[in-house]
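Work out the full structure: start from the sequences and follow the hints.
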Amino acid sequence: MGRVVSGRETDESGRVRGARGGHRRWWTVPLVILAGVAGLAVVGLVLFVGLLGYHSEASDDVRDSRSDVSCSKALSFAHGTLPEDASEADCTRADGIDVFVSGRFRMPRADVRGWLDTHYPQAERRTSCEEDLCLERSYASSETEGAYEVRLTVGYVGADSAHVTLEAFTT
Numbered sequence: 299m300g301r302v303v304s305g306r307e308t309d310e311s312g313r314v315r316g317a318r319g320g321h322r323r324w325w326t327v328p329l330v331i332l333a334g335v336a337g338l339a340v341v342g343l344v345l346f347v348g349l350l351g352y353h354s355e356a357s358d359d360v361r362d363s364r365s366d367v368s369c370s371k372a373l374s375f376a377h378g379t380l381p382e383d384a385s386e387a388d389c390t391r392a393d394g395i396d397v398f399v400s401g402r403f404r405m406p407r408a409d410v411r412g413w414l415d416t417h418y419p420q421a422e423r424r425t426s427c428e429e430d431l432c433l434e435r436s437y438a439s440s441e442t443e444g445a446y447e448v449r450l451t452v453g454y455v456g457a458d459s460a461h462v463t464l465e466a467f468t469t
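Here the sequence shown is numbered in my numbering, starting from 299 and rising by one per residue.
By construction, these hints were calculated from the structure, which means they are not laboratory data. Glycine is no exception: its CB is placed at the ideal position from the N, C-alpha and C atoms.
Have a look at the derived ranges for each label pair, beta carbon to beta carbon:
no. : residue 1 : residue 2 : range
1   : Leu349    : Ala408    : 50 to 58 Å
2   : Glu443    : Gly334    : 55 to 63 Å
3   : Lys371    : Gly337    : 52 to 60 Å
Quick look at the structure:
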């Protein structure tokens with residue numbers, strides 16, 4: 299039998315019975331670290347899902363602010379007028395921090411150049427363009443009540459027709 303030291307029984311070598319050389323709980327440190335990492339992961343996941351839900355609701359609010367508008371009003375905002383012989387006109391307006399107007403219409407191909415020269419004589423040609431013609435015009439906020447930026451895209455359809463796409467905004 300061993301002797302008793304500090305309330306614990308020791309064996310012949312003086313070691314406390316049941317102890318493994320003082321390393322009995324080596325696994326507790328990695329376990330605590332693992333539990334902490336898992337806890338942080340759960341908190342991060344909850345925050346991520348919460349932010350995702352908030353962003354989704356905010357996006358819905360922006361989509362809800364979009365409304366149909368006459369293309370005459372849309373082009374007036376974009377410092378132009380709708381061509382008299384335009385057809386298939388469809389325009390929308392979104393109000394938020396900024397105003398964004400977009401639209402599409404068809405017009406006779408022969409009238410495109412004259413219409414652009416009349417309403418957007420200082421528009422610059424965009425170098426990256428997937429259509430036949432892409433123009434943009436910037437306006438200083440102090441010189442205008444309408445859009446600060448106007449972008450026009452023209453795609454020719456056959457020999458007689460052109461589709462015009464408009465984007466105008468106050469950013």
